[in-house]
Amino acid sequence: MQIRFAGIGGQGVVLAGVVLGEAAAIEGLNVLQTQDYSSASRGGHSIADVIISNEPIYDVMVTRADVLVALHQLGYDTVKESLKEDGLLIVETDLVKPDRPYVGAPFTRIAEGTTGLALTVNMVALGYFVAKTGVVKKESVEEAIRRRVPEGTEEINIKAFRAGFEEGKK
Amino acid sequence: MQIRFAGIGGQGVVLAGVVLGEAAAIEGLNVLQTQDYSSASRGGHSIADVIISNEPIYDVMVTRADVLVALHQLGYDTVKESLKEDGLLIVETDLVKPDRPYVGAPFTRIAEGTTGLALTVNMVALGYFVAKTGVVKKESVEEAIRRRVPEGTEEINIKAFRAGFEEGKK
Amino acid sequence: MTEEAKTDVEKNGYLVVGKAEGIVEIDVDTFLCKGCGICVEMCPRKVFEWSKELSEKGVHYPVPVNAEKCIKCKLCELLCPDFAIAVRW
Amino acid sequence: MTEEAKTDVEKNGYLVVGKAEGIVEIDVDTFLCKGCGICVEMCPRKVFEWSKELSEKGVHYPVPVNAEKCIKCKLCELLCPDFAIAVRW
Amino acid sequence: MIIRGDEPEQVRLIKKLYKPGNYFMQGDEAVSYGAIFAGCRFYAGYPITPASEIAEAMARELPKVSGYYLQMEDEIGSIAAVVGASWTGLKSMTATSGPGFSLMQENLGYAVMTETPLVLVDVQRSGPSTGQATKGAQGDFFQARWGTHGDHPIIAVSPTSGQDAFWETIRAFNIAERLRTPVVILFDGVLAHTREFVRIPDIGEVEITYRKLPKNEEEARLPFGDPHGDGVPPMPLFGHGYFTHVTGSTHKENGLRDVYTPEVHDRLVRRIHRKIEQNRHVYEKYEEHFTEDAEILVVSWGVTARPSLGAVLRAREEGIKAGLFVPKTVHPFPGERMRELGKRVRAILVPEMNLGQMILEVERYVNDDVLLKGVNRIGGVPLTVEEILREIRGVA
Amino acid sequence: MIIRGDEPEQVRLIKKLYKPGNYFMQGDEAVSYGAIFAGCRFYAGYPITPASEIAEAMARELPKVSGYYLQMEDEIGSIAAVVGASWTGLKSMTATSGPGFSLMQENLGYAVMTETPLVLVDVQRSGPSTGQATKGAQGDFFQARWGTHGDHPIIAVSPTSGQDAFWETIRAFNIAERLRTPVVILFDGVLAHTREFVRIPDIGEVEITYRKLPKNEEEARLPFGDPHGDGVPPMPLFGHGYFTHVTGSTHKENGLRDVYTPEVHDRLVRRIHRKIEQNRHVYEKYEEHFTEDAEILVVSWGVTARPSLGAVLRAREEGIKAGLFVPKTVHPFPGERMRELGKRVRAILVPEMNLGQMILEVERYVNDDVLLKGVNRIGGVPLTVEEILREIRGVA
Amino acid sequence: MPEIYSKYPLIKYLRKEALPTALCPGCGGGTVLNAFANAVDGLKLDPRELVVVSGIGCSAWIASPYFLADTLHTTHGRAIAFATGVKVGLPDKKVVVISGDGDLAGIGGNHLIHAARRNIDITVILVNNFIYGMTGGQLAPTTPFGAKTTTSPYRNIEHPLQISETVSAAGASYVARWTTAHVYQLIESIKKALTVKGFSLVEVISQCPVQFGRRNRMKEPAEMLRWFLRNSVPLAKAKKMKPEELEGRFVIGEFVNRERPEFTEELNRLIDEVQEHFGLKEV
Amino acid sequence: MPEIYSKYPLIKYLRKEALPTALCPGCGGGTVLNAFANAVDGLKLDPRELVVVSGIGCSAWIASPYFLADTLHTTHGRAIAFATGVKVGLPDKKVVVISGDGDLAGIGGNHLIHAARRNIDITVILVNNFIYGMTGGQLAPTTPFGAKTTTSPYRNIEHPLQISETVSAAGASYVARWTTAHVYQLIESIKKALTVKGFSLVEVISQCPVQFGRRNRMKEPAEMLRWFLRNSVPLAKAKKMKPEELEGRFVIGEFVNRERPEFTEELNRLIDEVQEHFGLKEV
Ligand SMILES: Cc1ncc(C[n+]2csc(CCOP(=O)(O)OP(=O)(O)O)c2C)c(N)n1
Ligand SMILES: Cc1ncc(C[n+]2csc(CCOP(=O)(O)OP(=O)(O)O)c2C)c(N)n1
Ligand code: SF4
Ligand code: SF4
Ligand code: SF4
Ligand code: SF4
Ligand code: SF4
Ligand code: SF4
Ligand SMILES: [Mg+2]
Ligand SMILES: [Mg+2]
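Protein chains in written order, with numbering that gives the first Met the number 0: chain C, 0 to 169; chain W, 0 to 169; chain F, 0 to 88; chain R, 0 to 88; chain Y, 0 to 395; chain G, 0 to 395; chain L, 0 to 282; chain D, 0 to 282.
Do not rely on the hints blindly, as some may be mistaken.
As the list claims (entries may be wrong) - Straight-line Cα separation of at most 30 angstroms, DSSO-like style, residue types lysine-lysine; simulated pairs:
#1 Y:K320 <-> Y:K342
#2 W:K169 <-> R:K51
#3 F:K45 <-> F:K73
#4 G:K211 <-> G:K63
#5 F:K73 <-> L:K147
#6 L:K190 <-> F:K10
#7 C:K158 <-> L:K218
#8 L:K15 <-> G:K214
#9 L:K6 <-> F:K68
#10 L:K238 <-> D:K196
#11 F:K51 <-> C:K168
Derived from the structure by calculation, the hints contain no laboratory data.
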């Protein structure tokens, strides 16, 4: 499965991709994770790709995304073409106005509501994604979060992830 | 004719070559002048080559010297192999001990005696060379000296050149 | 948005305007503003409060709710890294 | 070479030795010496004079003809760029 | 003090720090761990996308293994410090990308001339100039070969995945040490930033080579001689009382400068070339897939070798007799093998993330009657299996 | 203020200063006078043997013609200043040798990417590294082609004598201006220091080209567009109120950075390549001697072309059907003509003062059935007529 | 592309189509741009009279492309050398370099020093954020002793370069250091720097909340501004303090302001003299 | 190869087979070599404890190949960067850089400043002869205003870099300037520099009679030495003089001599801390 997260710098899109990749790795799947971002600053788009497969992976980029998780209009506009016709589009509904069918929720507001921190939006979206697709197990993601987020922020991130997961299960 | 001047840095060997080249140029001959020296300092060998010909010159270096003017043992040792078997060897007799037939004189002492300046040894040797070979005219060399030596030193250099020329005519 | 005695706050497209009649008009461009908080924090008179809602960028932006307290030092305007604020009178 | 009352100058291969008995011995290596004149000019007591003859390098070299005037300041030895001088006593 | 990666103390540290297993990591990190396993204990560099993660990993890990991380004021100074450290016996590395690689060229030539072992990682990004700084490319293929001035040989290896980067880095160090020469790793920004599984082995599984040291005073007196006939002089390290003289000017076997005698220059520079030429067995490496019966040969390298393999596999599924040739040591180019393979096939495709560079080498070894075609992509996006497959179909 | 070499005031100065006639001068001086005649009015450089005489001549002559001579703190800064000056409208040049050429590579790539006309003289000396600093060589042939990072085209010319250096320098400026691109002059230390006759012509005899300037606001708004279809955008100079944006990052036609969109990069970099490719008529140049009926072809360049001609003449005297092909623009290599000539001959000899560089280009264009052989010499001493003749005889 | 609504008149100095900038929220680079626009406006300079040159880095993006003038965005570290060529070619224009600490004083430190020595009439605005921002927060030669960065993950063991002090010693005509929090003084100094004949440097200590602040317990831009204010020491006072007391402080103020012959003037004067000497002047 | 007859005992520090040096008669570089040998001898240093690094230039040939120690003759301008790697690898050896003004302060100025800032324990002996000697006498960044060189044939319009002052500002532990004519003080300063922990610079104003003197009316080496003596001003006195009065003078003396943490010590301390922190120390 090819999954693409798209947002702007500062939304933690790459971390979401890395955590998902790590989770898949924990489950012993083949996984490849890449990213594309503006030079080190926060204004531009930020894209994270994850390819998860039981087979060897020969492509080093997402060619046709099965799922696109869009956290910001800019990111969405940059990569929307790459989503398959029958692909799943998940959006942050306050910040993205898609031109095709989608599911989603106001992830930033949920983040602020749950953790008080807008920047946990990435984990909320990741939770939502995992709930919707089931491509990896909730527990694997939580383990991956523990490995990958800055020390001391594990719990807050897991909280955000769970909030998103709940939202996705609704 | 291929002429090679060889000495050590500080003896003005290159200037001798340049003046000879310029003199040949003044006479409308084809001429090519090159040099080889140690990196900018005075301890090493210093070589100046002049090729004078009525024909176009295709070689950009002296291949077999017709004349070797050696002002110092170091320079002599560096290039003595390049002198033709029947070539003419001219040496500064105080400073070069050749291992083959030669002509020459104590050019440095002549320079000191004539101009008071040891460093006019190059012009003395050039004068001697011109007297011995006649490859260019005395007047052309004097004109060339005027064009090529630092302003204010023309007369002293010509004086040295003439002293060498006289010595060569002896 | 907080309602204050002498400040009128209104939104006009991307622009958020806080007007304190006879004192000052403070404009915030929410298209340029990145919500860094410098104006909110550095204003010596605490003129700005954070918006409740997110801007299109997904950030909260400053609302000049207390424009009437403004001493026209222009610090907010000069410090804003994004030319988003104008303090005029 | 100038003959001075108290200085004996002799040549030994490349070495020129000026000996002022009981005072100092000054050695000049004419293989190393490039005839720059620093010793000749900078010696506070004018101990050196130029050689009449050229060295193998084609230069005049310093001869410590007035070694007996030497104050052993070693300036010549230290300034010589070519390690050609030794002042010993 | 010479830190050897196989000293008991180092082995203890590595065993304690790096448990064998699969790790999800970036290509840049894989290079870094490879370096540490190979015994690299000195890193000097200057940040640049997409190579900075190597510096970051080295800054984090080196102190743990008693190694030195230095950040210099620029790339010129970085490779200079690496050369200096190498002469003290430390296995040394630097990493950079295009602009920095350009700046390092002068001192890379110095390392060639002074026969200083070191590893230089060029994480290729999309140029020319600043270009697309965050995007990967394969545009420095020939810069690695010819970037410094004057006649010189060079060895460059190019990994094709994160896992490969780990092992190729070790191989690069081994070659550098064995042949007393700088080795370039032509990595790329795509793999550098791609996270994948990388298996970290037990240190015992890793074969590590060390430079020849002089066996006696006599060998030490000829730091640029050839006592063993393999073109590789033993290296008398600094600090051992050998009074070694090292210069980038033309020098004699004893290290002393002689910049006038043509024969001295000829002897030195030809020996340095011969050293590389005659030791092909030390570094020559390529991978082949289905080349026995291939009619269409894909020749690819680095990051593009991977979708190329995917495409060849797919072509085979479709019944097309495609094969793949992947030089892993790209300089000197494995020309003889290329010539042999070229004789057997009908068409050759050369996919690269550039406007056609390795293809110019291939061209020298294949006859006119073989269809030779580049599959090129610039702009920072890797070639895909699908795109390469399409080209294979096109010539099938 | 833009100084144009053909302004009446400049013509007056040049006529007053430089009387037409034969002068006995060094190759480096010939380059300098060529530059001044071509309209060069800005020189920034850093001393290096054997290129320093160019700096010295420029320092002496430029003030006389209202031009600027600058000595910078290094070669990196030198070419940077040259690029800056070029954007103000000054025809600009720098000169260096191997080590400095290595240092200039990064900014040479910047000049390619920003399409800045300039002339860079590389007076090749014997490398690698510091090598034999006072000796000439031809070892930077491929460095000139591939020295900077990333895919880029380059134009390089190489003079074969002092007289030729005068005219080739003028040609280099004309190409640079016409195609808005840097041009490298691959000169060498032998000719640089050789004194010969050089005829200085009347300025009226010299054809001088100037860069295209924007004809209107619209053209000025697209400093990297292609309004005339020749791949060459008009250059909106600084100081004219155009608010031009110039960057070495990937940029759109209007100059603004876009480093993320693959198509923008592809369009820009391919146009820059196409500009060079489609304008071969502007720069392609080679000399041929006796190629009509040659059986043995000597292919040579730069300083070695001259003894090569001597050798071919001697061979003809001896009845050997030898011919000579001398690329004067060496990059892009005149491959098509090489291919044609390669078909007609039995053997090709490539004399060069290096270990075999141009021969690698020749190899790409000739068939296996032609005997291809390098005649190589390193160590700083030029090849002689006799030596090349011997090789010709050897294959006759 | 939405219209810019900002009523702030100085926005006229910017390339609107490029806004908002790509800088992070609260990046001091934006404040420097603001201050620079104020200085230009205060001097009533026509931007046609300006050429702005920068290197590579976030701070190099301040003017490239945002400031609406001729802008030359060059290679990392070399801005001043490029600017030197521009200034010689356009001696009557104001040539300004705006770039980062890493760019101008790290890799590019030599050009900085030699331009100061030459005293060429270029105004350098050096944005010192103690970090390599653009590449993701690596150690810079300005990073405070002990600070954490991605390449000094434990602590920085190097000492930061005293840029203004060093450039003063090298010979600039005008040198001043301020922080972004001292924006009024900063604007005045930029105005002076633009006016002074000769080489001028305005070093601006500036916040990089994302790459520096975040790793050094100052995530919010305003926290960093307060840090600047708390630790700034005016030059006069600093002169009376011991080196130890100044550790970790920011000495602010004007370091030098002196008249010395300017390079392009000298260069043009030399040309004049030479032409005079050789009798080349038209009669 | 004739035998060396010199009775001067310090010749034991030289590579005899390479003598006489390739330097010109009267070149100050030889005097610097002499002074350096004296300092080494004075400190009773075993040359096995030394590594000497140089760049490219006549002054870079002082130790390469003449001084008998491990000697690394590098590329132009980069000696200090090479030396940095050597020092880190051999923290217990004395690493010395001897090279020219053009090499170390011209093209190499940035490495000089950053090494001073880092305060790495390297001793730099910078031979300032106001000129690019080796390449034939071109303008250097140290050439006096107004002087003639092959690339300033009319007059130099640039100002010379104040090397010692600039390096002091950048943070060295020890900085002194002398001329070759002050050979006693020079030897003492080199000894101090070799002893000080941290970065030390000894700037030696030195005669290049051939490329500088000749073009500036001082053909004889001794004339240049007398010029040095005549125009030298001790630092204490100079502090009381105006810049105009100091134009063309050589300020001599010790500029700084201070204790600051040294880089390789800090680096090894960091390694210790990290290994401690991660529990890596053998128990
Ligand atoms: C030759 C070269 N080396 C390295 C880089 C990578 N690089 C880009 S920006 C930068 C650092 C910029 O730091 P600074 O100048 O302080 O700017 P900031 O981003 O902090 O504003 C570096 C190292 C480069 N572009 N070119
Ligand atoms: C990159 C590079 N640029 C230029 C040169 C040429 N070069 C050799 S020595 C030298 C100047 C040396 O000057 P300095 O360091 O003052 O030494 P000096 O000869 O005066 O003692 C130069 C420019 C070089 N070797 N490498
Ligand atoms: S300072 Fe500017 S960008 Fe920051 S919050 Fe205020 S208005 Fe927005
Ligand atoms: S002008 Fe001053 S007081 Fe008024 S809002 Fe801005 S910062 Fe506050
Ligand atoms: S100082 Fe030395 S080299 Fe110079 S003349 Fe005296 S002995 Fe000879
Ligand atoms: S030691 Fe002093 S006094 Fe004696 S000869 Fe030498 S310089 Fe003269
Ligand atoms: S990384 Fe730092 S310097 Fe760069 S834009 Fe962001 S805050 Fe500014
Ligand atoms: S050129 Fe000058 S610096 Fe070089 S050796 Fe000669 S006198 Fe010394
Ligand atoms: Mg910075
Ligand atoms: Mg010098």
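Going down the list of hints, with the structure as the test:
no.: 1; hint: Y:K320 <-> Y:K342; verdict: 15 angstroms, holds
no.: 2; hint: W:K169 <-> R:K51; verdict: 26 angstroms, holds
no.: 3; hint: F:K45 <-> F:K73; verdict: 13 angstroms, holds
no.: 4; hint: G:K211 <-> G:K63; verdict: 27 angstroms, holds
no.: 5; hint: F:K73 <-> L:K147; verdict: 34 angstroms, violated
no.: 6; hint: L:K190 <-> F:K10; verdict: 36 angstroms, violated
no.: 7; hint: C:K158 <-> L:K218; verdict: 21 angstroms, holds
no.: 8; hint: L:K15 <-> G:K214; verdict: 25 angstroms, holds
no.: 9; hint: L:K6 <-> F:K68; verdict: 20 angstroms, holds
no.: 10; hint: L:K238 <-> D:K196; verdict: 26 angstroms, holds
no.: 11; hint: F:K51 <-> C:K168; verdict: 27 angstroms, holds
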